[in-house]
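Put together the whole structure using the sequences plus the hints.
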Amino acid sequence: MSVESSLVREPADRVLVIERTFNAPRPLVFKAWTDPARLVQWWGPHGFTTTVLGKMDVRPGGAYRFHMRSAEGADHWLKGVYREIKEPERLACTFTWTDAQGNATRPETVLTVLFEERGKQTKLTLHQAVFESESARDAHNNGWSGALDRLGQLVGSA
Amino acid sequence: MVNESPAADRLSATFAALADPTRRAILARLAAGQTSVTELAAPFTVSLPAISKHLKVLERAGLVERGRAAQWRPCRLDAAPLRDAADFLERYRRFWEQSLDRLDEYLRKLQKSGAQPKEKKKHVRRK
Chain A
1 MSVESSLVRE PADRVLVIER TFNAPRPLVF KAWTDPARLV QWWGPHGFTT TVLGKMDVRP
61 GGAYRFHMRS AEGADHWLKG VYREIKEPER LACTFTWTDA QGNATRPETV LTVLFEERGK
121 QTKLTLHQAV FESESARDAH NNGWSGALDR LGQLVGSA
Chain B
1 MVNESPAADR LSATFAALAD PTRRAILARL AAGQTSVTEL AAPFTVSLPA ISKHLKVLER
61 AGLVERGRAA QWRPCRLDAA PLRDAADFLE RYRRFWEQSL DRLDEYLRKL QKSGAQPKEK
121 KKHVRRK
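Protein chains in written order, with the working numbering: chain A, 1 to 158; chain B, 1 to 127.
Read the hints as simulated data drawn from the structure, not as lab findings.
Please note that the accuracy of each hint is not assured.
What the hints assert, rightly or not - Only part of the chain A face toward chain B is listed, based on derived beta-carbon distances under 7 Å:
id, residue
1, Leu16
2, Val17
3, Ile18
4, Phe22
5, Ala24
6, Pro45
7, Pro88
8, Leu126
Claimed, not checked - The following residues of chain B were derived to be distant from chain A, with all beta-carbon distances above 12 Å:
id, residue
9, Ser36
10, Glu39
11, Pro49
12, Pro74
13, Leu107
14, Lys109
What the hints assert, rightly or not - EDC-like, lysine to aspartate or glutamate: derived pairs with alpha carbons at most 20 Å apart:
id, chain 1, residue 1, chain 2, residue 2
15, A, Lys123, B, Glu97
16, A, Lys31, B, Asp104
17, A, Lys31, B, Glu97
18, A, Lys55, A, Glu72
19, A, Lys79, A, Asp35
20, A, Lys123, B, Asp9
21, A, Lys86, A, Glu117
22, B, Lys109, A, Asp35
23, A, Lys55, B, Glu97
24, A, Lys120, B, Asp104
25, A, Lys31, B, Asp101
26, A, Lys79, B, Asp9
27, A, Lys123, B, Asp104
28, A, Lys120, B, Asp9
29, A, Lys120, A, Asp99
30, A, Lys31, B, Glu105
31, A, Lys123, A, Asp57
All values derive from a computational prediction rather than experimental measurement.
Don't be surprised by glycine CBs; every beta carbon is placed ideally from N, CA and C.
Below, the structure is given as structure tokens:
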């Protein structure tokens, strides 16, 4: 049965993986993530404006907090703590949606971004997971995201 | 996270319940239709009590319902939490796809305007 076998075999210890190649040198791409003045230029979906609240403390253990406003005027807040900064190749942080007071409103996720040189281009791989935030406890959690996709499709069409 | 909202708690419970291959296999089986615990346990090498334990986790997460009427108490998949979890992930995908579009535009603009100090290349000057 195809659903079952893919549920078991899916090699996914991840929730979301997005790859993108940019026509720009790696240090420039990396800096767009770590310099607050640059980050707010692109962060968020189309039409969103982002403001860095307080200091964006880009070092392991350092915190960040953003306010985002959609084109329709809806407010969103998000916070996190940097876990790994390896300029210009790797960046990891927690990522949690919050209310205005900074209380989590969604499960904490862990975001990892890899920057690889591809000639004059830079390949970015973004990886976002839910379980890593509760670390080693879920070391065995492979395969569930594919399961989720498939079950989601299955039930979505029901 | 003391202040986490109920919505966040529910999602966390769903993700935690999915973080196990046996429980995912149980859900996959139940996606094909309701069944008894004994039938459910048959393809697994683990004991019936172990399967019951997994079922309790799935029940607590609201992913599985046990029938009350029939004596064999059939297990049934409840898909609503899965839908919420899938929505949660889908929103992240949209968030990043659009942010990365904007990052792409921004990087182009930066390079075109020359605002970005170019990385110094080591030129060997020749006469």
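Hint check results:
no.: 1; hint: Leu16; verdict: holds (5 Å)
no.: 2; hint: Val17; verdict: violated (10 Å)
no.: 3; hint: Ile18; verdict: holds (5 Å)
no.: 4; hint: Phe22; verdict: holds (5 Å)
no.: 5; hint: Ala24; verdict: holds (4 Å)
no.: 6; hint: Pro45; verdict: holds (4 Å)
no.: 7; hint: Pro88; verdict: violated (11 Å)
no.: 8; hint: Leu126; verdict: holds (6 Å)
no.: 9; hint: Ser36; verdict: holds (18 Å)
no.: 10; hint: Glu39; verdict: holds (14 Å)
no.: 11; hint: Pro49; verdict: holds (20 Å)
no.: 12; hint: Pro74; verdict: holds (18 Å)
no.: 13; hint: Leu107; verdict: violated (4 Å)
no.: 14; hint: Lys109; verdict: violated (9 Å)
no.: 15; hint: Lys123/A <-> Glu97/B; verdict: holds (14 Å)
no.: 16; hint: Lys31/A <-> Asp104/B; verdict: holds (13 Å)
no.: 17; hint: Lys31/A <-> Glu97/B; verdict: holds (19 Å)
no.: 18; hint: Lys55/A <-> Glu72/A; verdict: violated (27 Å)
no.: 19; hint: Lys79/A <-> Asp35/A; verdict: holds (16 Å)
no.: 20; hint: Lys123/A <-> Asp9/B; verdict: violated (35 Å)
no.: 21; hint: Lys86/A <-> Glu117/A; verdict: holds (14 Å)
no.: 22; hint: Lys109/B <-> Asp35/A; verdict: holds (16 Å)
no.: 23; hint: Lys55/A <-> Glu97/B; verdict: violated (26 Å)
no.: 24; hint: Lys120/A <-> Asp104/B; verdict: holds (14 Å)
no.: 25; hint: Lys31/A <-> Asp101/B; verdict: holds (16 Å)
no.: 26; hint: Lys79/A <-> Asp9/B; verdict: holds (18 Å)
no.: 27; hint: Lys123/A <-> Asp104/B; verdict: holds (12 Å)
no.: 28; hint: Lys120/A <-> Asp9/B; verdict: violated (44 Å)
no.: 29; hint: Lys120/A <-> Asp99/A; verdict: violated (41 Å)
no.: 30; hint: Lys31/A <-> Glu105/B; verdict: holds (15 Å)
no.: 31; hint: Lys123/A <-> Asp57/A; verdict: violated (25 Å)
When held up to the earlier numbered hints, the structure conflicts with 2, 7, 13, 14, 18, 20, 23, 28, 29, 31 and fits the remainder.
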